[in-house]
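**Student:** Chain order of the listed sequences is A and B.
Here the numbering used here is used: the first residue of the first sequence is 1, the next is one more, and so on.
Here the numbering used here is used: the first residue of the second sequence is 1001, the next is one more, and so on.
Just so you know, these hints were derived from the structure itself, not from any lab.
No residue lacks a Cβ here, since even glycine has one placed at the ideal position from N, Cα and C.
Among the clues, some could well be false.
Label-pair distances were calculated between CB atoms; the ranges are [as the list claims (entries may be wrong)]: (1) A:59 - B:1368: 47 to 57 Å; (2) B:1368 - A:70: 46 to 56 Å; (3) A:100 - B:1330: 31 to 41 Å.
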Amino acid sequence: MRLKSLILGAALPAILGALALTAPAAAQSLTAITGGRVLTGTSVIENGTVVIQNGRVVSVGTGPAPSGARVIDARGKTVTPGFVAVDSGLGGSEIGSVRGSDDLSNSANSISASFDVSYGLDPWSFTLPVARLGGVTRAVVTPSHAGGGGGAHAHDDSDFAGVGHAGLQSPGLFAGQAAIIDLGQGGEILVQPRVAMVAPFGEAGAGIAGGARGAQFVQFKETLAEVRLYARNRAAYDRAALRDLSLSRADLEALIPVVEGRMPLIVTVRRAADIRQVLRLAREEGVKIILDGAEEGWLVAEEIAAARVPVLLDVTNNLPSNLEMRAARMQNAAVLDAAGVVIAIKGAEGSTHRAREQRYNAGNAVSHGLPYAAAIRAITVNPARIFGMDGRFGELRPGAAADVVVWSGDPLEPLSLAEAVYIDGEEQPMTSRQFLLRDRYARPGTLPPAYSR
Amino acid sequence: MRSYRLTGASLAVLSALALGACATTGSTAGDSSSGAAAPKPREALAPGLDVAANPDPYPSTYAALPRENMAIVGATVLTGAGQKIDNGVVVVTDGRITAVGGAQTPVPAGHRVVDARGRFVTPGVIDTHSHLGVYPSPGVTGMSDGNEATSPNTAQVWAEHSLWPQDPGFNTARAGGVTTLQILPGSANLFGGRGVTVRNVPSITMQGMKFPGAPYGLKMACGENPSRVYGGRNSSPATGMGNMAGYRAAFIAAREYKARWDKWREDGQGSPPTRNLQLETLTGVLDGSILVQNHCYRADEMAMMMDLATEFGFRITAFHHAIEAYKLAPQLARAGICADMWTGWWGFKMEALDAIEANAAIVDAQPNSCAVIHSDDAQLTQRLNQEAAAALAAGRRIGMDIPEERAIAWITLNPARSLGIADQTGSLETGKRADVVIWSANPFSVYARADQVFIDGSLTFDRANPAYQPVSDFELGQPGFGIAAANVDQGAR
């Protein structure tokens, strides 16, 4: 097998075939994707027709394409909504170890809860096209913290505890606020800023508070009390007539929607005992929470379900990477789903560079007991619903954003490829910096590769 | 075997091979020096002062688990050696593959017949880059034993001396079909130390896992890690050029050390050289008995390492994390160097920026190539078949016609070559160790699970039978212990 022959032979038709399905077209034009196996997010339609126009889904059904519509032949293909990444760093971190390119974490103790990732997002990030080629079209970009990412890459943050500069928490209990983006090429990617607050619990949260879990819970409750005090006495605060508070004004403001139950709090927590405590804390404080991680969640699945608390899962965590996830199992997703918990499945390693592995993770959840339909929900409608975007994206239904992916086969299979991706009805270029590198070296010329594009 | 020059650490390997052979053929190691120039008689050195007197001081005690002769019938067999056999038969006798063929292949009388109709059979998966046992779960204080990050040259340390056999990750890897692993030191140092190749069997001791006769590997590291770790301490190396200077100084010293021992063995004159474990390992690289396993991301750095090897007269066996191997694929193939790669990992640091999913496919397309998919990760090692599938898909995306029977070699035969054990395992070929996985479905499917995993013909994991789902000592009595999740026992998690 020679590289040159593959370039001149089957390669280009194979690549271009997918693109040739669709001539470039404005998002406004009436388009029908016909004949495919349509996974709407909540149901399956064989030989379905998905009609889109003006960036939205017009209809999903089995009828013929409307007259005048541009027809995309998806016979033999699978059609899905674009996948929704959660706990993601897409657009907020370019190269993991290059600190200046990472806008997902902040260590200033006057800006913790108020840290807003939405200002640092880069629509030109080279992470976006790579994820898009994996079928990801929306992401909940979430501030990172020392307790994120799963046990295998856990950081030691234990020397940061206590009260720091200006009497403020150092670092704060809160990592900041998440934003929702779309992955559309060339446009404004911000869909909605400040959709959720983030706070680590368990070992990482305890480390912030001084080392012990009991300290963190006390500090957390005290902090929420301060926020309520501040909210009732803003005028006094501005006159400096209120007692000293442990958060900056910006952080106090940012937490008001949290204490009022309007903004969900993403709680990173792993141990079953900690999950139980966090559920109680949320109930007592009237805070709406989303569990993140929850590796031991299956042990308390009924309690999570009863509290109607959704969970963001890294389904591949099945090892006792640290002492707070000794009960980690691949079957966690299956057990939680069976108990009625709304789950979303993450991509790999912070859903940034490896966000595209979200679909494989969903497939692995299936091979470990999660029903296929539930796995599809966990990467489409569920993440949208968890973040208050029900019906706006993550599902093929009338009125939703026309985020559509045409797959060569079952989207959860590594051997399947995304052949066409639409975001808000716009057809996306099927390339990436990685593909450019690939093509440069897969097609050697007489001049050095630097001369090829 | 008898024609080797027997100097220095090469004795270690020959002796180990002989010991390995002992277990099955009863031959003795007593004549293993017959090809060398007869040394002049002299008194033996005190114990431990002459590597030749005890070249294998921490010998394997591996013994296969109980086993029976069998024939696996009816499956689609991917042999690892390039064949795909529908409705195939794999005959295992005394722990070895004794026949592989189509449905007509005779099953010897007395062999148990394993019905694998509708399923797939492959060689056991081999992971060339693992830190199981040395960076075990739980990754807590007291258990982080993978990087002797105290000096840029720690060629004297051996990963096997850090290996904790109770790491639960060995069990989950086995449930993913992994039958052989190379456990390596980390990449903080230019010379991280010796790796060890193990059979993935539950064992109380490291020695009980050690692959009999497998050559040692020497972990070397290029690039960002050594210069970051030591530059951050305001010591050398702080740069790429400091890295190169460090390798060169070490091999100059190793050449001199080797010459001193060679001379002393030759003429027996004067005092023997003082044994130096660091230089002894490098001497093993120089005489070819220890295989260089070189963490090296960038193409330009690989090219310099290849020149370094020429400068000092040694071979590089494999580049690990070879992110940019696709930029140098013809050169790697010509030099006979394996490229051990990921498919999906990229962008976590500068030297990982140019990773592409089609890396393995492009490397593999060269004549005489050696493309390997590896993990470096306790999670990924459980799904190397899927990592290979994603690489296969990336190759097919650019029109490369790669059959599955070829791609399966990326996680079986090629990694065996990368570890110098391809004569022992890595493919379903007559005479090899019966390291076999029966998959529930095509292993390139995300839904495929390893149903049964055999090592040397012994059943070591059975997804349907809790009696063959080992759990480590660490796992006993921990949260969740003994509770089935979604009707699945802990051992098949």
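**Student:** All the hints need checking, so say for each whether the structure fits it.
**Tutor:** Against the structure, the hints come out as follows:
Distance hint for residue 59 of chain A and residue 1368 of chain B: a CB-CB separation of about 56 Å, consistent with the stated range 47 to 57 Å. Roughly 49 Å separates the CB atoms of residue 1368 of chain B and residue 70 of chain A, a value that falls within the hinted 46 to 56 Å. Residue 100 of chain A and residue 1330 of chain B have their C-beta atoms about 36 Å apart, which keeps the hinted 31 to 41 Å range intact.
Going down the numbered hints, you'll see the structure goes against none, and every one checks out.
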